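Please take these sequences and the hints and turn them into a complete structure.
Here the protein sequences line up with chains A and B, keeping their order. Position 169, counted from 1, in the first sequence is what the working numbering calls 169; the numbers after and before it change by one each time, with no gaps. Every position in the second sequence, counted from 1, becomes a number in the working numbering once 1000 is added.
What the hints contain is simulated information worked out from the structure, not anything from laboratory work. None of the values given here were measured: they were computed from a predicted structure. Be aware that a few hints might be false.
[Unchecked claim] Heads up, simulated DSSO-like pairs for lysine-lysine below, C-alpha to C-alpha not over 27 Å straight-line:
1. K404(A) with K1328(B)
2. K328(A) with K1413(B)
3. K272(A) with K26(A)
4. K361(A) with K1409(B)
5. K236(A) with K272(A)
6. K1114(B) with K109(A)
7. K361(A) with K236(A)
Protein chains: 2
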Amino acid sequence: MLSFRREFSFELTSEREEIMQMVMEKLTHEMISDEIGYYKLPTSSLAHLQRLESIDTSKYEQIVIIGVGGSSLGIKAIDSILRPFTPDAKEILFFENSDPITITETLTKIDQEKALFFIISKSGSTIETTSIFKRVISTCKLDLDGEDAKRIFAITDKGSSLSEFAQHHGIHEFNIPDNVGGRFSVLSAVGVVPLQIAGYDMQTLLGGAGSFVNSFFENQEQHLLEKACYMYENSKKQSINVLFSYADCLENLTKWYVQLWGESLGKVDVNKNRVGLTPIGIIGAVDQHSFLQLVIEGPQDKSVTFINIEDFENDLSVPDISLHSIEKTNFINNQSFNTLINAQCEATAQSVIEAGVAVDKISLDKVTPQNIGAMIVYYELLTSLIGAMLRVNTYNQPGVELGKVILYKNLQK
Amino acid sequence: MLSFRREFSFELTSEREEIMQMVMEKLTHEMISDEIGYYKLPTSSLAHLQRLESIDTSKYEQIVIIGVGGSSLGIKAIDSILRPFTPDAKEILFFENSDPITITETLTKIDQEKALFFIISKSGSTIETTSIFKRVISTCKLDLDGEDAKRIFAITDKGSSLSEFAQHHGIHEFNIPDNVGGRFSVLSAVGVVPLQIAGYDMQTLLGGAGSFVNSFFENQEQHLLEKACYMYENSKKQSINVLFSYADCLENLTKWYVQLWGESLGKVDVNKNRVGLTPIGIIGAVDQHSFLQLVIEGPQDKSVTFINIEDFENDLSVPDISLHSIEKTNFINNQSFNTLINAQCEATAQSVIEAGVAVDKISLDKVTPQNIGAMIVYYELLTSLIGAMLRVNTYNQPGVELGKVILYKNLQK
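Structural data, given as structure tokens:
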């Protein structure tokens, strides 16, 4: 279960109700008309799980993911969160950067006999992905026209160059719906296929996501609309949203959120104005010793969303030891670290509220696939809502094209 | 060697020269009067290296660091950067968060026979640090009154409770100078002692830092003053500085920078105004697929500093393989990943410049201890300069105290 608490004031005026109703209609239309596809993934992706039942991957023990951005961040996020609670999950290696040191290191970790390879690219020709894939083919001596084709999965758009490549070699192919953008694709084949094979319960995760989407469209997640409206109205004054997660396993979720938020909302709007909210992900309690000072005393240009996990299902505690001269820390003895980190989260939230900063808090009772599915669509829906209010195209990313053109030109020289 | 390139316009007016001269005098005074101690660490920390010659740590193969914030971020940064180039360095484990899952996992990685333990806390009673230390004592059955005392190092302020504790048990003690704040302490015993024992060449690193400090005070790093002045003048309009590092090994350096920048500059100034610059660290090429869209098309409230490594000393290349239907990516065949990532950095920088964003670029010819030492003081000096221009106390962090008080109150209940 997720629970939501708001510590900023938001009054329901008729003007605001109108905005909320308008964007609700927009999202509903996006869903019903199939203009935007992520809303239906919790149901449509079940077909992938069914298809996987007929593909025997039991003899493989390692998953190698080659993908970047929307083709890796979501997979990494779910893997990081659920792994501590899924001891039997298969190892996953990620190739996502063109950094020669990281690629070299990750190559040495591949178990050449026991690895399944996933090449993931929506467009099919992402330069990092194809370059690294060539390197992996060469280093692992993969025979694309032989048995090895059976342990390669291509996840891409129907009709893409990667799709044609897969069909040519008889490689397993899974498609991303055309109407699902890369950063909204974690619940498509992109995340579902490798994570299910790795041993995670993706059916339950999709179930949690589906329940939240349904509840949202039945108007039972009013708090989400109100939060979107608050963030939209304050998008100039409080242009930075800090996601302050109190658990190390949530760090990759914050990176997924940064892409979702930054790439969806940082746009030129219908009136040709540059708009957007800047996402920052930090981790508690460590970043109390880093970013917090700026939040408390710096410019009031930030809102902060705290995320905590009520029950880590871990009873590790501070032993009842008194250290000579450091006895004043004994008040924490015999407490669990679970209690300590949650008390730190709450105390920090209180201090941020007292500094006059807009705060809200999302609490997970436990880490379950259900809760993680719900968290993912919570952020996707929030992004769509704010994007609609800002009147931007939430689903494209025209700003990143120029760099690709320049790269191509420079390297062709 | 570091080289610096600036892509924003900055004209030298008499008013600006005056500001620059004033802050230069302030920093010079801080150094000469010993009000602020980090300027002299490149020299004074050599004494720690000398002392280490008489402590035999050769039979230990693992370093366990217990510390948070300024007591871990800098160590982690240097370790991450130099490790790929220092294959014989001892393993370092970090305990820095009160997260029960991470603590449990890290405890299982301790080699109980071969580990050296470092407890690092400037104040001596940081709650995460002492709590985890008690846990480690208990799990590893450390006998503080026996032989184990010889493999524990306490790094703390003279006269702190941790110092008294160390003296009581005859534990190795190294001190942080009073006039060196936590986030400026990486070149004090905090970083120098564990990293030297781990096998890094800290003498050369301190040498690189010392040369840069000297050159700065001899007025040979004018570009740094000009950059500080630009950032100060634009601190309202361009309140976010993005550090965009093109190498995975630099990710922890960006976390160190976030603490340094955020905690030093996010302050109430002499006129009681809330000021500050918001630091964001991202990694290329991966974050071209994430944060970049917002930089290019979103609000023009950001400046971007690119960091790249010219020579990764790694010749891994893209094999000359043509993939069926994906032939259009063949232009990158036979190129090294070193070339690819640097071409990506430059192409992205060009696209950001064309979007009208203030850009500068720091290039390391190679990863050497010398260059890393210089990079560290480069950022420390830049922080001191901007802090002086903003007229804040760069070296304190009053904003984080309230949370501690609330935590203490809540847990005492």
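So, going through the hints one by one against the coordinates:
For a cut-off of 27 Å, the pair hint linking K404(A) to K1328(B) stands: about 14 Å separates their Cα positions. Our distance criterion of 27 Å between C-alpha atoms is met by K328(A) and K1413(B), whose separation comes to about 15 Å. With a CA separation close to 21 Å, the supplied pair K272(A) and K26(A) stays within the 27 Å bound. Of the supplied pair hints, the one linking K361(A) and K1409(B) holds, its CA atoms being roughly 21 Å apart against a limit of 27 Å.
Distance restraint check for K236(A) and K272(A): the Cα-Cα separation of roughly 16 Å lies within the 27 Å cut-off, and the hinted pair is therefore satisfied. Restraint check for K1114(B) and K109(A): the C-alpha separation of about 25 Å stays at or below 27 Å, so the hint holds. Restraint check: the Cα-Cα separation between K361(A) and K236(A) comes to about 22 Å, which is no more than 27 Å; the hinted pair holds.
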